[in-house]
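Q: If you want the building blocks of each chain, they are given just below.
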Amino acid sequence: MAEKILMKGNEALAESAIRAGCRCFFGYPITPQTEVAAYMAKRMAKEGGTYLQAESEIAAINMVYGAAAAGARAMTSSSSPGISLKGEGISYMAGADLPGVIVNIQRGGPGLGGIQPSQSDYWQATRATGHGDFHLIVLAPSTVQEMADDVFEAFDLADTYRTPVMILADGMLGQMMEPVVLPERKTEFPEKPWALTGHKNQRPHNIVNSLHLKPEDLERFSVERFERYETIKANEQRAETFLVDDAEIVLVAFGACARIARSAVNKAREAGINVGLIRPITLWPFPTDAIEASLGTACAVLTVEMNMGQMVDDVRLAVNGRVPVEFFGRAGGIIPTPAEVLANIEALAERCSAAKTGGDAR
Amino acid sequence: MKTVFERPHALCDVPFTYCPGCTHGITHRLVAEALDELGIEGTTIGVAPVGCSVLAYEFFACDMIQAAHGRAPAVATAIKRVNPANTVFTYQGDGDLASIGMAETVHAASRGDNITVIFVNNAIYGMTGGQMAPTSLAKQVTQTSPYGRDVSSDGFPIRVCEMLATLDGVALAQRVSMDTPRNVRAAKKAIKKAFEYQIEGVGYTIIEVVSTCPTNWGLAPTDAMEWLRENMLPHYPLGVYRDVKAEGFADVAEAALARDAEPECDPCTEPIEASEPPFEDAPGEVGSQAGDV
Numbered sequence: 028m029a030e031k032i033l034m035k036g037n038e039a040l041a042e043s044a045i046r047a048g049c050r051c052f053f054g055y056p057i058t059p060q061t062e063v064a065a066y067m068a069k070r071m072a073k074e075g076g077t078y079l080q081a082e083s084e085i086a087a088i089n090m091v092y093g094a095a096a097a098g099a100r101a102m103t104s105s106s107s108p109g110i111s112l113k114g115e116g117i118s119y120m121a122g123a124d125l126p127g128v129i130v131n132i133q134r135g136g137p138g139l140g141g142i143q144p145s146q147s148d149y150w151q152a153t154r155a156t157g158h159g160d161f162h163l164i165v166l167a168p169s170t171v172q173e174m175a176d177d178v179f180e181a182f183d184l185a186d187t188y189r190t191p192v193m194i195l196a197d198g199m200l201g202q203m204m205e206p207v208v209l210p211e212r213k214t215e216f217p218e219k220p221w222a223l224t225g226h227k228n229q230r231p232h233n234i235v236n237s238l239h240l241k242p243e244d245l246e247r248f249s250v251e252r253f254e255r256y257e258t259i260k261a262n263e264q265r266a267e268t269f270l271v272d273d274a275e276i277v278l279v280a281f282g283a284c285a286r287i288a289r290s291a292v293n294k295a296r297e298a299g300i301n302v303g304l305i306r307p308i309t310l311w312p313f314p315t316d317a318i319e320a321s322l323g324t325a326c327a328v329l330t331v332e333m334n335m336g337q338m339v340d341d342v343r344l345a346v347n348g349r350v351p352v353e354f355f356g357r358a359g360g361i362i363p364t365p366a367e368v369l370a371n372i373e374a375l376a377e378r379c380s381a382a383k384t385g386g387d388a389r
Numbered sequence: 042m043k044t045v046f047e048r049p050h051a052l053c054d055v056p057f058t059y060c061p062g063c064t065h066g067i068t069h070r071l072v073a074e075a076l077d078e079l080g081i082e083g084t085t086i087g088v089a090p091v092g093c094s095v096l097a098y099e100f101f102a103c104d105m106i107q108a109a110h111g112r113a114p115a116v117a118t119a120i121k122r123v124n125p126a127n128t129v130f131t132y133q134g135d136g137d138l139a140s141i142g143m144a145e146t147v148h149a150a151s152r153g154d155n156i157t158v159i160f161v162n163n164a165i166y167g168m169t170g171g172q173m174a175p176t177s178l179a180k181q182v183t184q185t186s187p188y189g190r191d192v193s194s195d196g197f198p199i200r201v202c203e204m205l206a207t208l209d210g211v212a213l214a215q216r217v218s219m220d221t222p223r224n225v226r227a228a229k230k231a232i233k234k235a236f237e238y239q240i241e242g243v244g245y246t247i248i249e250v251v252s253t254c255p256t257n258w259g260l261a262p263t264d265a266m267e268w269l270r271e272n273m274l275p276h277y278p279l280g281v282y283r284d285v286k287a288e289g290f291a292d293v294a295e296a297a298l299a300r301d302a303e304p305e306c307d308p309c310t311e312p313i314e315a316s317e318p319p320f321e322d323a324p325g326e327v328g329s330q331a332g333d334v
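In the order they appear, the protein sequences are chains A and B.
Read in the numbering used here, the first sequence has 165 at position 138, and its numbers run on one by one without any break.
Read in the numbering used here, the second sequence has 142 at position 101, and its numbers run on one by one without any break.
Excised from the complex, chain A in its bound form (with noise of 0.2 Å):
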């Protein structure tokens, strides 16, 4: 039985990445993600691995790149005016279909904001991470149990589809410590036939590329790797859900915001309120089916989030229209508390009863 031990998110993140088989480690100091970077500095070295502090955000991501093509689990982590850096590192990852795990341990922005939590980088991380048709897979964390998890779990969903695969957490689960079970170590990995490795004159030589000059080409990856995302929608979109069988009033929150709904459903439930509550653990895919499934007997919906509204047009879309769909968010690195939530809650609440005695809350 493995143990429990207390950690702090971004360690715990560390240490399960050099556990998945993550060899390479390249980053730049940027809080409140630093701890990271300090805990791969310590161990990567004794693991036989490489850590190395590039030169900048851009360099490290493009180390990535170069690590990735060689056939190596590479990791870069850095916190959100690190990640627009990474933006065009990224987007030549997808380009080139190369795996590989970024982490963004989010602070305000836009700019160079501040360093307390947020989550006001959701559409960069589930929209334009950098130019081009291209979409991440996006794991948002929302303990540090699920700090080491997701990461773990990141390289194979990387190997798998052939893709960059984001943890989108914030500040505030990178620095909090809780009691977590690290993975076992990894030990068997993906054959990667198309890494650079020099062909030793057994095989043609293998090109990492994504320059396609004829239009044609270049349609035809963009649909075939869009082909794949239907997979991965299909396959990949988790959720958690919270006491929405009967909810009147159906939370979505994601990451550590999740933690702070959560606390104002169970306030909620014990004022005699109908409230569930939606995580979405993957952000892309988002998790549209969850969501649908969980209008059976909803009045209207109120995402909660730590930015000024992001997350709230994906729930729209899988809402479409069905129930209202409300938003309460705080921003800044000011984190919502649950009374906040629970005021929202109450009013929303109000809405829909006075809907069903006569008015229209839509």
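Take every hint as true, because none was put in to throw you off.
No farther apart than 25 Å at their CA atoms in a straight line, the calculated lysine-lysine pairs in the DSS-like style are these:
1. A/K69 to A/K31
2. B/K229 to A/K227
3. A/K73 to A/K213
4. A/K260 to A/K219
5. A/K227 to B/K233
These aren't lab readings, by the way, just hints derived from the structure by calculation.
With chain A fixed as given, assemble chain B onto it according to the hints.
A: Just chain B, lined up with the frame of chain A:
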């Protein structure tokens, strides 16, 4: 019949996409010949850049990767560290290496990354149609310096070998040219030497190849060679700017230690006169200021 000349095995049997008279063709050939002669085609990984030579992955018969604009050194650094037994080279132009990728270039060199950089300097952006490069000469007319490069506003052309030679991680920095058969032969020796150094683990090697761009210079290929000799070579003198093995060191680490021990100029050893208050006084001041912040 005896074969006296043939295509290097490390070059694919496909037509180049370069303009007539451009020296990429010769440079490709020299790199391929070096791979052939060292027998390392099967263990070499090449990094193609953005720019005219972006399609280099189509031409070299070794494993190849195409890197984002300027990022080839970072990509090469990682590939080399994943498998140090591979020979890794980047093939970059002046915009790629000396402009957008200058940080990656300087830091790969500074780390002493055991890679080989083939740097093709033709003093202009070729692929995008002849704009000013960091290596464009003073007064050189380009699409984006239509009145000639004005150093008072555009700055001065960068001498890459001279600059990188100051870095401790550099094992070999040599500038060669493609303008005469003799210089081409010298270039071949330099390129092969760079790969040999990498195989021996000496450190970062860069061969700067002074080249022509007849199309964007607006000159016939022979006139372009003449222009190279008259204008580029005075600013970019050919020669070896650093060669730690020739200096008697096994690798860059050994050479760096020796550099520390023996300052190159006398004034460096002169004691610096204290004109500032002793450092011991400073922390108190800093501390009192810190309380106000």
